[in-house]
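Q: What follows is each chain in one-letter form.
2 protein chains.
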Amino acid sequence: MRCDVLAVGTELLLGQIVDSNSAWMGEQLAAHGIDSLVQVKVGDNVGRITAMLRRMIAESDAVIVCGGLGPTHDDLTREAIAAVMGVELVVDEGVADAIRELFASRGRRMPENNLRQALVPTGAAVIAQTRGTAPGLICPVSVDGVDKVVFAVPGVPHEMFDMFERGILPELKRRSGDASVISSRTLLTWGESESGLNERLDDVIAELELAGSPTLAFLASGWNGLKVRLTAKAATLDDCNSLLDVWDARVRSELGHLVFGSDGESMESVVLDLLRSKGWSLGLAESVTGGLVGARITGVPGSSEVFRGSIVSYASEVKRSVLGVSDGPVVTESAAIEMARGARRVLGSDVALALTGVAGPAEQDGMPPGTLCVALVWPDGELSRTLRLPGLREQMRQFSVISSLDLLRRTIG
Amino acid sequence: MRCDVLAVGTELLLGQIVDSNSAWMGEQLAAHGIDSLVQVKVGDNVGRITAMLRRMIAESDAVIVCGGLGPTHDDLTREAIAAVMGVELVVDEGVADAIRELFASRGRRMPENNLRQALVPTGAAVIAQTRGTAPGLICPVSVDGVDKVVFAVPGVPHEMFDMFERGILPELKRRSGDASVISSRTLLTWGESESGLNERLDDVIAELELAGSPTLAFLASGWNGLKVRLTAKAATLDDCNSLLDVWDARVRSELGHLVFGSDGESMESVVLDLLRSKGWSLGLAESVTGGLVGARITGVPGSSEVFRGSIVSYASEVKRSVLGVSDGPVVTESAAIEMARGARRVLGSDVALALTGVAGPAEQDGMPPGTLCVALVWPDGELSRTLRLPGLREQMRQFSVISSLDLLRRTIG
Chain A
951 MRCDVLAVGT ELLLGQIVDS NSAWMGEQLA AHGIDSLVQV KVGDNVGRIT AMLRRMIAES
1011 DAVIVCGGLG PTHDDLTREA IAAVMGVELV VDEGVADAIR ELFASRGRRM PENNLRQALV
1071 PTGAAVIAQT RGTAPGLICP VSVDGVDKVV FAVPGVPHEM FDMFERGILP ELKRRSGDAS
1131 VISSRTLLTW GESESGLNER LDDVIAELEL AGSPTLAFLA SGWNGLKVRL TAKAATLDDC
1191 NSLLDVWDAR VRSELGHLVF GSDGESMESV VLDLLRSKGW SLGLAESVTG GLVGARITGV
1251 PGSSEVFRGS IVSYASEVKR SVLGVSDGPV VTESAAIEMA RGARRVLGSD VALALTGVAG
1311 PAEQDGMPPG TLCVALVWPD GELSRTLRLP GLREQMRQFS VISSLDLLRR TIG
Chain B
951 MRCDVLAVGT ELLLGQIVDS NSAWMGEQLA AHGIDSLVQV KVGDNVGRIT AMLRRMIAES
1011 DAVIVCGGLG PTHDDLTREA IAAVMGVELV VDEGVADAIR ELFASRGRRM PENNLRQALV
1071 PTGAAVIAQT RGTAPGLICP VSVDGVDKVV FAVPGVPHEM FDMFERGILP ELKRRSGDAS
1131 VISSRTLLTW GESESGLNER LDDVIAELEL AGSPTLAFLA SGWNGLKVRL TAKAATLDDC
1191 NSLLDVWDAR VRSELGHLVF GSDGESMESV VLDLLRSKGW SLGLAESVTG GLVGARITGV
1251 PGSSEVFRGS IVSYASEVKR SVLGVSDGPV VTESAAIEMA RGARRVLGSD VALALTGVAG
1311 PAEQDGMPPG TLCVALVWPD GELSRTLRLP GLREQMRQFS VISSLDLLRR TIG
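For the record, the sequence lines run as chains A and B.
In this text, residue positions in the first sequence follow our numbering: the first is 951, and each later residue adds one.
In this text, residue positions in the second sequence follow our numbering: the first is 951, and each later residue adds one.
Worth flagging that the hints you see were computed from the coordinates, not collected in a lab.
Mixed in with the good hints, there may be bad ones.
[Stated by the list, open to error] From chain B, some residues computed to sit far from chain A (all C-beta separations above 12 Å):
no.	residue
1	Arg1050
2	Ala1078
3	Ala1184
[To be verified] Label-pair ranges, simulated between beta-carbon atoms:
no.	chain 1	residue 1	chain 2	residue 2	range
4	B	Arg1056	A	Ile967	52 to 62 Å
5	B	Asn1174	A	Pro1318	24 to 34 Å
6	A	Gly1341	B	Ala1156	39 to 49 Å
7	B	Arg1058	A	Asp985	36 to 46 Å
[Said to hold, decoys possible] Here's a subset of chain A near chain B, in silico, CB distances under 10 Å, partners left out:
no.	residue
8	Gly965
9	Ile967
10	Gly1073
11	Gly1240
12	Gly1241
13	Gly1244
14	Ile1247
15	Pro1251
16	Ser1254
17	Arg1291
18	Gly1298
19	Asp1300
20	Gly1310
We put the beta carbon where it would ideally sit given N, CA and C, even for glycine.
Go ahead and model the full structure; you've got the sequences and the hints to work with.
A: So this is what it looks like as C-alpha cells:
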C-alpha cells in the first residue's frame, strides 16, 4: 500500500510556514506499514494542484491532499479533486447545516463564503469536522480501471491529526485488507548516548529483529531526553499491549535507572511526582541557568503543591548575601553545596538543588565553558557533582537543567 | 525565472526530520524575485530521484537538489544528476585533495568511501565546501534545446545556507540577467496586533505599493515579537541601504514606541543595553513565570554586567518571608509592587521588575487565567499594571515575559 502526500498552500512555498504536516503523516503511515514515497508542496493555483494530483494518483494507491479547504477564493483543493474525479461539486446540506450551527453557537454571523466549505465532489464521503468548519473528504478515483482514493484534510495541524486518525487511517487499512492494530510506547532515558543505548540493547534488538514485532527506534529529543520507542503490530490492541508490556519490561531491565519515564511524562513531571510521593517540597538555587530550572518545573500544572521557589543568584554578591556562600570561587562543588543549603534555609524547602557553572563563551574562575557544579541537599543527606556538558551557551544550559533534575531523581528515588 | 526544489532523504518521508530547508530556500528565492512553484521530497532511491528530477527540470528553469551528497551508499544525488545530464561521474582531484586535507587537519584517518564525495558529473562546476566535506554542484542541463541548470547542495542547513548564497544565488541572477541587489531589514515590535500594525501603516503600505520597492511584510514570532520586514531591490547594496534607511525611519515614525529593536536584537538584549547605558543593575521577582524572565535575560552573553538575580517566589509564604509581601491575595498590583521593592532590597539592584499572575488552568485569588500583575521599581519611581494575556498556560507565561520587559523598556527608555 502506497500513500503519497500533496501539501497545498503558497505560504508553504514562500517559507512563511514550514510544512511539518507531511512529515507527521509520513511517520504515522510508516508506523502502520504504509509507504509514502513522494511528498509535494504546490501553491494555491487550481491548474497546478489539479495537474500534480492527477500525476500523483496515477503513481500511488492513495494521495492525501492537505490544505486549501478554507472558505476563501484561494482555497482550491475541492475544485482540483472534482476535476481529477471528473465530477461536479455539490452542496452537502448536512455539512452546510453544521457550519451554520457552529457560527450560531458562537453568536456570530456567518459570512456567506463559508458555505464554500460545504461543497463536496459528487461521490465523495465526508469526514465530519469536530474542531473547525472545513470537513475532510474521502474521494474514490478510478485510474485506468484501478480503484484508488484521494483524501482531503485541512492544513490546521490539530484538525488534520484528528481526521487522519478518525477518517484516513481506517479507510487505508480497509483498502489494504490489513486488519492489524499498531500501538507504540515511548521510554524516556537520560545519561547515555544513542550509541551507548544501542550497545546496551544489542541483544534485545537482535531478538526483536527475529520476532518482527515490536520494532525499536531511538529518538534524540534534546533536553527532553533520548527516547526509545517500541512499536507493536498485532491482531488486537490487547495483543499489542501484551507485547509492549513484555518488551517494555525487558528494555527497562537492560537500561535500569537510565529510564526516567514514559509517554505523557517529562523529567520535571517525574521529579515532581517523586517529591509529592515523599511529601517533600523543593527549592532551587540557580546561577548559570538563570531561572531555567524553575521555568521548566513551573511549566507543569500543579507544581505549586511541591515547588516553593528559586533563588536565582547570578551575581556572586547575591550568592553571598542571600545564600551565605563563602568568599572565593563560585564554580566549585563547595559553593554549590552552600547555595543548596542557603536555598533550603531561605525558601524553607525540604529538598534543595543548586546549579553553578560556566555557559560560555568565556571561562570563569579558571573553569572552561561546559562546567557544571550541582549540589543536592535533602532530609537524609547532601551530595555534589561536577559535570562536563557539551554544546554552546544555550545547549549547555538546557543540558544542565535535565542533568541536575536527573541527579535529583536518581538520588532520592 | 523559476527554480523548484527537490529534497532527498528517506528520513524526510518518514518524518524523522522535517524538511525546513526547502521553506528557507523558497523564502530566499521569493525575496530575489524568483518563483518556486513545486517543492518535492523523495527518498534515497536512485530511480525515483532520477525520474523526479527529470520531470521537474522539464517544467522549471532550475532545480535545487538538497541532500544525498554524503559519503555512504545511500547518498545517490550525484548518480541521479549524472543520469539526467547523460554524462559520467569523474573524480575531481581538487575536491579529493580538499577532503583528504580536511581529515588530515583533524588528525583523523579518512574512510575510503569519503572519496565518493569527490565524484562530479562531467561538465558540472563545483561550489567549494567551507564547512564540511561534500561540495555543491552546478550542473548545466539541456532540455529540448533549452539551457537549464540543476544545483546540488548538502542537506546540513548551515552548509546549505552558505552554498546557496555563495554559489546558487549568483548563478540564478546571472542566468536571469538580473543584476540587482536585494537587502532586507527587520523591525521588532510589541504591543499591537498584526491587523493593528497594518492599520497604522496603511499609508506607508499604499506608498510602497506605488514605489514597488521596498516591500513590507509582517511576521508573527510569538514571544520574540511581531516583526515588520522591509525588503529593498536596487542596483547596488548602497542604493538598497539608502532606500531601507528612508523607509525604516518612516515606519518607525508611524509606529513610535511599538518598535523595540531591529536585526540582531531581542527584547532582552535591548533591555540589557538600556540598563547598561544608564549604569543600572536589574533584579527580578517572579511568580507565575517561575524563572522564565531570568532564563531569557541570562541567555544573552554578557548579561552578568547588569543582571543580579531573581527571587522566584512561587509559594505565597516565600513572597512574604523573603520579599516582605503583606498578608492577603497575591495576584494584585499592590502585591506586585511589594515583590519588586523586596527584590530590589534583597538583590541590591537599582531596578526591580516583579510579575505575579495566573497561568491556569485554574483561577487563583478570584482572578481568571491570563491575568498578569506587573510592577516596576526604579531610582526615579514606581508603577504597576494589570494585563489580560491570551493563550493557555505556556503561551500566557511567554507573553508575560515579553510584555513585562516591554513595560520596563518603555518606562525607563
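Q: Does Gly1240 of chain A meet its interface restraint, that is, does its C-beta lie within less than 10 Å of any C-beta in chain B?
A: Interface hint status for Gly1240 of chain A: holds (3 Å vs cutoff 10 Å).
Q: Have a go at the Pro1251 of chain A hint: is there a Cβ in chain B nearer than 10 Å to its own Cβ?
A: holds, 6 Å
Q: Should the hint that Gly1073 of chain A touches chain B count as held when the rule is a Cβ pair under 10 Å?
A: violated, 28 Å
Q: Does the interface hint hold: is Ser1254 of chain A within less than 10 Å of chain B, judged Cβ to Cβ?
A: The hint holds - Ser1254 of chain A has a Cβ within 10 Å of chain B, the shortest such distance being about 6 Å.
Q: Is it true that Arg1058 of chain B and Asp985 of chain A lie within 36 to 46 Å of each other by Cβ?
A: This hint holds: roughly 38 Å between Cβ atoms.
Q: For the restraint on Gly1310 of chain A, tell me whether the closest CB of chain B is nearer than 10 Å.
A: OK, holds: Gly1310 of chain A within 10 Å of chain B, min 8 Å.
Q: Verify that the Cβ of Ala1184 of chain B lies farther than 12 Å from every Cβ atom of chain A, and report whether the claim holds or is violated.
A: holds, 22 Å
Q: Do the Cβ positions of Asn1174 of chain B and Pro1318 of chain A conform to the proposed distance bound of 24 to 34 Å?
A: Holds: the Cβ-Cβ distance is about 30 Å, inside 24 to 34 Å.
Q: For the hint on Ile1247 of chain A, just tell me whether its beta-carbon gets within less than 10 Å of chain B.
A: Holds, about 6 Å.
Q: Does Gly1244 of chain A pass the interface hint, meaning its C-beta sits closer than 10 Å to a C-beta of chain B?
A: Since chain B brings a Cβ to about 3 Å from Gly1244 of chain A, closer than 10 Å, the hint holds.
Q: Any CB of chain B closer than 10 Å to the CB of Gly1298 of chain A?
A: holds, 7 Å
Q: Regarding the hint that Asp1300 of chain A lies at the interface with chain B, is the smallest CB-CB distance below 10 Å?
A: Hint on Asp1300 of chain A: violated, closest Cβ of chain B at ~13 Å, above 10 Å.
When held up to the earlier numbered hints, the structure conflicts with 4, 10, 17, 19 and fits the remainder.
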